[in-house]
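If you're matching them up, the sequences are chains A and B in order. All residue numbers for the first sequence refer to our numbering, where the first residue is -10 and numbers rise by one. All residue numbers for the second sequence refer to our numbering, where the first residue is 4 and numbers rise by one.
Hints in this document: simulated from the structure, not taken from any laboratory. Hints may be right or wrong, so weigh each one.
Stated by the list, open to error - Residues on chain A that point at chain B, a partial pick, calculated with CB under 8 Å:
#1 1
#2 4
#3 8
#4 20
#5 31
Unchecked claim - Here are the simulated lysine-lysine pairs, PhoX-like style, with alpha carbons at most 25 Å apart:
#6 A:2 to B:114
#7 B:125 to B:155
#8 A:14 to B:155
#9 B:125 to A:2
#10 B:114 to B:125
#11 B:114 to B:155
All values reported here derive from a predicted model rather than from experimental measurement. We put the CB at the ideal spot given by N, CA and C, even for glycine.
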Amino acid sequence: MNPSDERVPDLVKRALGPVADAGLKRDLWPRMRARLDRPAIRVPWWDWALAAAIVLCFILFPAAIPAVLYQF
Amino acid sequence: MELLEEFARGDAEAFEALFRQFQGEVYGWIVRIVRDPGAAEDLTVETFWRVYRARSRFDPRRGFGPWARRIATNLALDHLSARRNETSLEGDFQPPCLPPDPALAADVREKVAAAFTRLPVKLRVAATLAMIEETPYGDIAEALGISIGTVKSRVFRAARLLRGDLQRMGVEP
């Protein structure tokens, strides 16, 4: 190791300093409780059906893919 | 052990007990990495949310603390990566850090902070924990899911990159 590389950790510590207080100031359980109670995002079944129909169309009619992409 | 088994079976009271027991430890670990108390609180809740969702894969024989710390470390890495992409990192090393050495000139401190925030995130996390927080290499390796040799290599590479960056800015370590 380059001698000046060895001095880098000391310089970094002197310049930045360790975290003074890593203690938690408040109970986070109420926030955790709210997170647990938040309903999960659910995709309606007809969205899945529509996506499956599109994929099926592309499989049956691959020539349609460039035509669809052209629209974007 | 019984509490851990109950948690793995999906018992909500066991999860609450584990949350209350480990929230401080997980927060303390995260705040040392991200150095932002607000973000550390958010990431602590997110860590336990992921812990809760993955409870069926938890092995009670391996201990809760190291498992939670590993998840927390991955989240902290993602957080730092996102921040690195979003904004410049001026002010990243603000309180709650201990005051820097007053013998060190202010411009040197700013240049060190700037060089540090320019490190790749994986090197920066290893360097933060090893150089600044003086965390044992074994603990860093366990939390990052890598070997002690890899931790040493990351710290070495971080030191080398910092030296080069500082020398370009006219600071001789």
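To see whether the hints hold, each was checked on the structure:
1. 1: Hint holds; residue 1 of chain A Cβ to chain B Cβ min 5 Å, cut 8 Å.
2. 4: 4 Å, holds
3. 8: Nearest chain B Cβ about 5 Å off; hint holds.
4. 20: This interface hint holds because 5 Å falls under the 8 Å limit.
5. 31: Where the cut-off is 8 Å and the nearest Cβ of chain B is about 15 Å from residue 31 of chain A, the hint is violated.
6. A:2 to B:114: 13 Å, holds
7. B:125 to B:155: 12 Å, holds
8. A:14 to B:155: 33 Å, violated
9. B:125 to A:2: Between residue 125 of chain B and residue 2 of chain A the Cα gap is close to 18 Å, so the pair holds against 25 Å.
10. B:114 to B:125: Holds, because 20 Å separates the two Cα atoms, which is no more than 25 Å.
11. B:114 to B:155: 24 Å, holds
Checked against the numbered hints given earlier, the structure breaks hints 5 and 8 and satisfies all the rest.
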